[in-house]
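Engineer: For reference, the chains in residue letters:
Protein chains: 2
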Amino acid sequence: MTDQTSWVASAQGDTDFPIQNLPYGVFDDGNGARMGVAIGDMILDVAKVDHGLPADLFAEPAWNRVMEAGPEIWAKLRARLTELLSDEGHKSAVEPHLVPQSGAKMLMPFRVTEYTDFYAGKNHATNVGTIFRGPENALPANWLSIPIGYNGRASSVVVSGTPVIRPNGQVKGPNEELPRFAPSARFDIELEFGAIVGQPSEGMISVSQADEMIFGYVLLNDWSARDIQAWEYVPLGPFQSKATATTISPWIVTKAALEPFRVNTPERERELLPYLREPGPMNYDIKLEVALRPEGGEEAVISRTNTSMLYYSAAQQLAHHTTSGCPMRAGDLLGSGTISGTEKDSRGSLLELSWSGKEPLELPDGTTRSFIEDGDTLTLRGAAQGKGYRIGFGDCTGQVLPARALPDWAKE
Amino acid sequence: MTDQTSWVASAQGDTDFPIQNLPYGVFDDGNGARMGVAIGDMILDVAKVDHGLPADLFAEPAWNRVMEAGPEIWAKLRARLTELLSDEGHKSAVEPHLVPQSGAKMLMPFRVTEYTDFYAGKNHATNVGTIFRGPENALPANWLSIPIGYNGRASSVVVSGTPVIRPNGQVKGPNEELPRFAPSARFDIELEFGAIVGQPSEGMISVSQADEMIFGYVLLNDWSARDIQAWEYVPLGPFQSKATATTISPWIVTKAALEPFRVNTPERERELLPYLREPGPMNYDIKLEVALRPEGGEEAVISRTNTSMLYYSAAQQLAHHTTSGCPMRAGDLLGSGTISGTEKDSRGSLLELSWSGKEPLELPDGTTRSFIEDGDTLTLRGAAQGKGYRIGFGDCTGQVLPARALPDWAKE
Chain A
3 MTDQTSWVAS AQGDTDFPIQ NLPYGVFDDG NGARMGVAIG DMILDVAKVD HGLPADLFAE
63 PAWNRVMEAG PEIWAKLRAR LTELLSDEGH KSAVEPHLVP QSGAKMLMPF RVTEYTDFYA
123 GKNHATNVGT IFRGPENALP ANWLSIPIGY NGRASSVVVS GTPVIRPNGQ VKGPNEELPR
183 FAPSARFDIE LEFGAIVGQP SEGMISVSQA DEMIFGYVLL NDWSARDIQA WEYVPLGPFQ
243 SKATATTISP WIVTKAALEP FRVNTPERER ELLPYLREPG PMNYDIKLEV ALRPEGGEEA
303 VISRTNTSML YYSAAQQLAH HTTSGCPMRA GDLLGSGTIS GTEKDSRGSL LELSWSGKEP
363 LELPDGTTRS FIEDGDTLTL RGAAQGKGYR IGFGDCTGQV LPARALPDWA KE
Chain B
3 MTDQTSWVAS AQGDTDFPIQ NLPYGVFDDG NGARMGVAIG DMILDVAKVD HGLPADLFAE
63 PAWNRVMEAG PEIWAKLRAR LTELLSDEGH KSAVEPHLVP QSGAKMLMPF RVTEYTDFYA
123 GKNHATNVGT IFRGPENALP ANWLSIPIGY NGRASSVVVS GTPVIRPNGQ VKGPNEELPR
183 FAPSARFDIE LEFGAIVGQP SEGMISVSQA DEMIFGYVLL NDWSARDIQA WEYVPLGPFQ
243 SKATATTISP WIVTKAALEP FRVNTPERER ELLPYLREPG PMNYDIKLEV ALRPEGGEEA
303 VISRTNTSML YYSAAQQLAH HTTSGCPMRA GDLLGSGTIS GTEKDSRGSL LELSWSGKEP
363 LELPDGTTRS FIEDGDTLTL RGAAQGKGYR IGFGDCTGQV LPARALPDWA KE
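Chains A and B are the protein sequences, given in the same order. Position one of the first sequence corresponds to residue 3 (the numbering used here), numbered consecutively onward. Position one of the second sequence corresponds to residue 3 (the numbering used here), numbered consecutively onward.
So that you can see chain A by itself, here it is in the shape it has in the complex (with noise of 0.2 Å):
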């Protein structure tokens, strides 16, 4: 299979998505919004193909109904869709129905059912703890046990693009008495990995079958107001400082592309508890990294790092997510929390990039950053690096705009 190559040119060489990818996505290149798959510079009109599934799993324009519809149905469009990409004897049926990326809009690509954020970056726990409580205190006494997670608030989640807005919030300076109601000063991102739920539970279920709901993934920025959220979160966890936006890139990359790229996650510091032992390798090896571009500037890479440094798996996650009983559903998302190496250069937010402005990030402009400033767009890309192929995700994107002006009757 990883030598498999597709009749559709821009399919070969330097693409993030040849054959062996087939992500999934919503379109709309000016006749409405559909179902669609990436291949090269394309994409696939997929309800128009002869794709062998029953029309009703292709009749909104979500991925959604295909989920719910089961893993056989997921290892059956798949492997019809390689035969149509990849066989020549299909190219005349299939080539009308592919429309050029560069002419089409990307929307969600599904309906995020419920999201939920973990906290598996075990360098990011260090860093933040360091910088908020002292290194002697930096991981939380839970963290080597459980993977940590939060409900976050699904209909903030937006697909790449769209623009952010910086949000106005309660701050309090640490100097400061009482607390204001302004723009936030320290608006950040956290880059993350974003698995998709793809079929219902009920009561607990292991790792092993959390890994086979799970359908696919993106790559997903936990926009975070550092300085709304210091003030909020004790005692309940953050709240409105992570409402303002997530963003997630535009193809949901499946668990069967990634098959190859499957490694462990790393030894464990403690030993954990049985319901969360890995029966094989559930991490995965995908290079990422973050750019800033200042507007009407030049883009500059200020991390490098990879999924590998998970501590915990989302199949891990989703484990721990069901043991209350909680039921889950199809579109349900899960973060991993934010994805830091080892080095300075591999931290996945700002303020650990700058620990805590501490250390300003200098620009190819001249300019320095400890947070986000109007206007600047910070993308995430990501990509698992096969044997003369590349699986990318696309551009995780999004450029932060001014905070709205406060009504009156927010004023002083």
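Don't take every hint at face value.
Copies of one chain are not kept apart here, so a pair can be met inside one copy or by any two copies together.
Said to hold, decoys possible - Below, computed lysine to any residue pairings styled on SDA-like, alpha-carbon distance capped at 25 Å:
#: 1; residue 1: K107; residue 2: E204
#: 2; residue 1: K174; residue 2: L275
#: 3; residue 1: K174; residue 2: A140
#: 4; residue 1: K174; residue 2: R272
#: 5; residue 1: K413; residue 2: R270
#: 6; residue 1: K174; residue 2: S147
#: 7; residue 1: K413; residue 2: P268
#: 8; residue 1: K413; residue 2: L274
#: 9; residue 1: K174; residue 2: V236
#: 10; residue 1: K413; residue 2: P202
#: 11; residue 1: K174; residue 2: R279
#: 12; residue 1: K174; residue 2: P237
#: 13; residue 1: K174; residue 2: R135
#: 14; residue 1: K346; residue 2: G299
#: 15; residue 1: K174; residue 2: E269
Calculated from the structure, these hints are not laboratory results. Note that the structure is predicted; figures quoted are calculated from it, not measured.
Assemble the complex: chain A is given as a structure, and chain B must be docked to it using the hints.
Structural biologist: Structure of chain B alone, referenced to chain A:
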């Protein structure tokens, strides 16, 4: 309007559902799930009568479409239902569409889009803070400035009557070095008031706008595993400890029915930021009680309090929810947080009633309770007392069943 009467005989006298109430639910009497309105001990099968609204508002058994239709439609429907059920001239046409409540099963009255739980009861926050951190640090520093909230899990919201299975989870006693995976031994209730958002928002809204967006209210029991919570909640808040179930009462009591019972929130102990100030009374005077019935035993009321104890109204909670630009949608459910009065017998959780197990409650059968035992049925009740009538919510009840046996892969 307050001395209006219905031609339905049971809607007079001792009933939660007089003509002044007219709450909305979904019922199944064996002939399928339908939208209903409670009147006395009957349910009006609303889609069957001449309600004067587009039929598609009643096409699926959930009140979301009516919510989405907006406040003018809410007012029209309520006026028409009042007319149909009070004017004798409609009796012959309407009476055939009344179904006895005793023969109907109540279902979820609406699809919960997302669920947020607040912490808006000051006595509760003070009690919990005192138990966990001592009286000098009882209230978090932000509490008097922010209606603290966190995102809950919508998939776990169930209707009154649904059994609740005691959760398993990671627990660690204060003298244990490592966590165990075990059934929760400190399973608890939380007596709350739930607000249902009936209209969407984009960007930040005022407290007045928030009040207008609220469709109605329910009683809400946010079942909580205190031992799981204690181990998991630092630093990102409660997660699996609150994801087993949240029970709501079966009838949505409309905001309109509660208008006569508006009261001011308690006096501010710290001036609020302007965006949180209320232009008028947005709290309610609703008497609440909690009852506990051991399996096969006698029910005892273990707490009595009032929604007026809330420091922040639902409108304030909702306004704060939108500060970051977080989009709200019809069907969002906001729990108030536990409502406790100032006296010992007015506390809204067993954690407070038994002071974390140090002062177990004595029940009429001679047994004691620190937390919930298997087989116990916990019931919340609430009603606003008008002149000659009562606006009730119906029971919000659930029996706790033993934890599921651990699967082999979860055993040590």
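Engineer: Run every hint past the structure and note whether it holds.
Structural biologist: Here is what the structure says about each hint:
1. K107 to E204: between (37 Å within a copy, 22 Å between copies)
2. K174 to L275: Only across copies: K174 and L275 sit 12 Å apart there, 40 Å inside one copy, limit 25 Å.
3. K174 to A140: Both: 23 Å inside a chain and 20 Å across chains, each within 25 Å.
4. K174 to R272: between (37 Å within a copy, 15 Å between copies)
5. K413 to R270: So K413 and R270 pass the 25 Å test across copies only (19 Å; inside, 51 Å).
6. K174 to S147: between (33 Å within a copy, 11 Å between copies)
7. K413 to P268: Classified as between; 23 Å across copies, 50 Å inside a copy.
8. K413 to L274: For K413 and L274, the Cα distance is within 25 Å only across copies (12 Å; inside one copy 51 Å).
9. K174 to V236: The answer is both: 13 Å in one copy and 21 Å across copies each meet 25 Å.
10. K413 to P202: between (46 Å within a copy, 24 Å between copies)
11. K174 to R279: between (42 Å within a copy, 19 Å between copies)
12. K174 to P237: Both. Shortest intra-copy (16 Å) and inter-copy (19 Å) distances satisfy the 25 Å Cα cut-off.
13. K174 to R135: Close inside one copy (18 Å) and across copies (23 Å); limit 25 Å.
14. K346 to G299: Result: close within a single copy only, 24 Å intra versus 63 Å inter.
15. K174 to E269: Between. Shortest inter-copy distance 23 Å satisfies the 25 Å Cα cut-off; intra-copy 40 Å does not.
When held up to the earlier numbered hints, the structure conflicts with none and fits them all.
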